[in-house]
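A.B. asks: Take a look at the letters that make up each chain.
Protein chains: 2
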Amino acid sequence: MKQVISAVCILCGAEHEAVPGITTCVKCGGILDVKYDYKYIKSVLTKEKVASRERTMWRYLELLPVEGRQDGLRKLSVGCSPIYNAPALAEVIGIRSLTIKDDGINPTSSLKDRASAMAVVKAAEAGLSTIACSSTGNAASSLAGNCAAAGFHSYIFVPERAPKGKVAQLMMFGAKVFLVKGNYEDTFRISAEAIDRYGWYNRNAAINPYLVEGKKTVSLEIAEQLEYKMPDYLAISVGDGCTIAGVWKGLKDLYEIGFIDKLPKLISVQSEGCCPINRAVNEKSAIRPMEENTFADSIAVGVPRNPDKAILAITESAGIAVNVSDEEIMAAMRLLGRTCGVFAEPAGAAGTAGVKKAVELKLIPSDASVVSVVTGNGLKDTANAIKAAGEPVSITPDMECLCKRLNEGAI
Amino acid sequence: MKQVISAVCILCGAEHEAVPGITTCVKCGGILDVKYDYKYIKSVLTKEKVASRERTMWRYLELLPVEGRQDGLRKLSVGCSPIYNAPALAEVIGIRSLTIKDDGINPTSSLKDRASAMAVVKAAEAGLSTIACSSTGNAASSLAGNCAAAGFHSYIFVPERAPKGKVAQLMMFGAKVFLVKGNYEDTFRISAEAIDRYGWYNRNAAINPYLVEGKKTVSLEIAEQLEYKMPDYLAISVGDGCTIAGVWKGLKDLYEIGFIDKLPKLISVQSEGCCPINRAVNEKSAIRPMEENTFADSIAVGVPRNPDKAILAITESAGIAVNVSDEEIMAAMRLLGRTCGVFAEPAGAAGTAGVKKAVELKLIPSDASVVSVVTGNGLKDTANAIKAAGEPVSITPDMECLCKRLNEGAI
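Protein chains in written order, with the numbering used here: chain A, 15 to 425; chain B, 15 to 425.
Any given hint could turn out to be false.
One copy or two, either will do: identical chains are not told apart, so a pair holds if it fits within one copy or between any two.
[Claimed, not checked] In silico DSS-like pairs for lysine-lysine, Cα to Cα no more than 27 Å straight-line:
| hint | residue 1 | residue 2 |
| --- | --- | --- |
| 1 | K243 | K401 |
| 2 | K266 | K276 |
| 3 | K401 | K190 |
| 4 | K178 | K61 |
| 5 | K178 | K63 |
| 6 | K178 | K401 |
| 7 | K16 | K279 |
| 8 | K418 | K178 |
| 9 | K418 | K195 |
Bear in mind the hints are in silico, worked out from the structure with no lab data behind them.
Please read all numbers here as calculations on a predicted model, not as lab measurements.
Could you build the full structure based on these sequences and the hints that come with them?
C.D. replies: Have a look at this one:
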C-alpha cells in the first residue's frame, strides 16, 4: 500500500506496520490510526479521476488502506447515497442552510455498510473468511450482508434489546447470531473473548483501525456531492465514537490533499439518557460509564469503545457536543419524513435533532450552513417509528364512513 | 412534449391527447398507453448522453412523458439502484447466469418510487398538489415520501393487512392514511370514489397511464447496467399488473430506438394463492377474481386493475407465467440473503422464487441468462422475514454458555 505509511497509536504515538490483522497498540493498548502519505496521494489522485469512477465508496481508492482493487470481494454496492438540500427543514429549524445526507440508502440500510465492506476486504488480506463483531444492530446487519455477498461467514453478538428489523436482517443474511442477555457492554465483552478464542477476524470498529477508514468515505462523498464547498458544521449522532472519528478523518484527508480548503466544525449529538462522550467533552473530564436510557438503540452505548478518537475529532474541529431527548429525536424523525421524505431510524434522526437543539441553544449561529447525516433507515425500527408518527385512521370501505371521519377532522 | 404523440387505448385503439390529467379511455374505459415518437427520440438521444447524466431515473428524460426537467419537483433520488451478478445463486438454482436488480434500494425502499416520482411531476403539470392512491403498501409509502419531499399532500388508502413497516413509513411521511377494513378490492373502490368526489390527483397505476412510464425506468437501467446486452429472460413478481407492463414498455422503447437488439422473454411470477393474471395467461381465459391467499402482501391482488397490459406484455414477449408457494418465496428470501446479501420482502423475492420454479419445471433451459428484479426491501415486512429466517440463539454473556451452545450445534 503505497498510500499508507503506518498505523499510529493515538495515545502513545507508537508506529506499527499497517498489516491487515492489526488491532490495538501492542505497547499501551491504545487505538491505532492509519497514517497516509498525503504527498504521494496528491501526486496520483485528482477530483476528475474520482468523478470518473464507479458509484461506490471504492471510488476513493487512493485514500483507503487496501492493497488493490480486489473487485471480487466488493460485492455490495456500498456508498454514493443521496444528499438532499433541505430548505423547508432549514426554515423550520431556523438555520440558513441545511443539507441531509441519507446514508440509510445503502445495501443493508445503514452507514455501517462502509465499515463492513472494508472489513471483508481486510479479512481477506489477512487470509481469513470468518468475521465476528458485537453490535447494537447496524454494524451486525451490515457485516452479515457484506459477508453473505462475499461468501464469508459471520458470527454476530447483539444485545437482547436489538430491534426486530435488524435481527431479521441478520438471520436472513445467514449470520450465526447470539442474542446476549445483557447490555452493549456485556455484548462487547463476550464477543471479544470469543474472537480471541476462535481466531475470527475482528470487526469491532473501536479495535480494528481500518473500519474507521471505511466510515470516512461518507465525508469524502459529502464533499464531492457539494462540489467540495464545505458547510460550516457537520452533525452526526454518536454512540461508540467510531463514526464521528471516521467523519473527521475523511475531512482531514481531503484538507491534506487540497481537495477542500475549509474544515467544518463537528456537531456531536448524543442522547440525554446516554451521553458519556459528550459529557466528557463538555466537562473536559475523563469518560465515565452511563446507563443506556434511550430508545435510539444504535447510539445507546454506555461504555463507548472509541471515546479517544471521538473526543479528539470533536475538539480538533472546534466542534460542539449537544444532547437530545427521545422526544426531540421523535420530533426530528417526523420533520425529516414530512419535509424531506427521508425516513430515519431514531439514531439516524438524532443528528438532525441535535442541529435543532444547537440552534435553539444558540450554540450555532442561525446564518450557518449545516450538513446532517442520517445514519440508518427508519425501516430498521418500525415499532419506534409508529410510536413517533402515530397510527392511521381506520374506516369501513364506504363513503359515508370516510366523509364522516374527514368531517370529524380525524385526519 | 415533442417525444409523446398521444395516449392510445389498448382496448379500442382510440387516441387521446396526452394531457397531464388523463386517466382511462373516454370511449370504452380501457387503459391508455403513452405513444412515443421514436424517430424523434432516436434523433436526440444517445447512449453516451444517458451515461453522462445525473444518477436518477430522470437520466432517461427523452423516453419519459414529462414536459421538461422540472427539477424543483424531483426531490428524492429515485432509481439507479444496484445490480448484482449472482453466480452462487445461479448455481443453486441451476441456471447459467443470474443477475439481481435490487430495487429495494430506493428512497422509500421499493420500485414504486419510480411511479410515485412520476405522479408528483404529472400532478404538478395538471395544476394539482394533492395526490391520492390505494395500495397494498409500497405504492402508498412511495407516494407519501415523494409527496413529502415535494411539499405535496397525500391521501392514502391501504387494506388493514398492510405490514407495519409500510404503515410506519406512511405516517412518518405525514400522509393522511385510511386503513380500510377490507381487502385490496374494497380499498381500491373506496379510493376511486373519494378521488372522484374530492378532485385529488389519481395515483392508481392502472388508471393513470403515466405511472407505468415511471416504472419502465427499471428496464432502462437494467439495460444500461448490462451495457445493453440483454438476458434471455427477465423475471418479475406480478400483482396489479402495472409493474410488468412497465418493464415490458421500457424494453420495447429501447428496442424501438435501437439501444438493444434483443427483447428478453418475461417471467411473470405470482403466488399460488393469488394468481389471476397467470391463470388467465396459462388458460388463455378471461380474468376472474381470486382470493388473496399469500403472505406476499404486495402481490396479493385478487382483482388486478391492469390485467390487459400485463397479459399483453407476457404474451408479446413470448414469456411464461409461473406460480410459487409461500414456502418457495421464503426459500428465495433466504437464498437472496445468504448468497447475495440482498434482503427482499416476500413479493420482492417472488421473482427469484419463480426463476427457481421455472428451472425445476423445465419451463426455461438451464443454459439461459436471467435477470430477476427485487421489487422491495425486506425491512418492509420484518415479521415475515423472521418467520422465513428463524430466530437467533440466546445466550447469557459468558464463555461457558457460548461454548456450550456452539458445541451443541445450536448455531
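A.B. asks: Each of the hints needs a verdict: does it hold here or not?
C.D. replies: Structure-based check of each hint:
For the identical chains of this complex, K243 and K401 are neighbours neither inside a copy (38 Å) nor across copies (47 Å), given an alpha-carbon limit of 27 Å. Only within a single protomer do K266 and K276 lie at most 27 Å apart by alpha-carbon distance; the minimum there is 10 Å, versus 49 Å between protomers. When the C-alpha separation of K401 and K190 is checked against a cutoff of 27 Å, the pair qualifies only between copies, where the shortest distance is 16 Å, while the shortest distance within a copy is 30 Å. Neither within a single protomer nor between protomers do K178 and K61 lie at most 27 Å apart by alpha-carbon distance, with minima of 41 Å and 43 Å respectively.
In this assembly of identical chains, the alpha carbons of K178 and K63 never lie at most 27 Å apart, being 41 Å within a copy and 44 Å across copies at closest. Taking CA atoms no more than 27 Å apart as the test, K178 paired with K401 passes in both settings, with 15 Å inside one copy and 12 Å between copies. Neither within a single protomer nor between protomers do K16 and K279 lie at most 27 Å apart by alpha-carbon distance, with minima of 30 Å and 49 Å respectively. Only between protomers do K418 and K178 lie at most 27 Å apart by alpha-carbon distance; the minimum there is 25 Å, versus 37 Å within a single protomer.
In this assembly of identical chains, K418 and K195 lie within 27 Å of each other by CA distance solely across copies; the values are 15 Å between and 49 Å within a copy.
Violated hints, in rising order: 1, 4, 5 and 7; the structure is consistent with all others.
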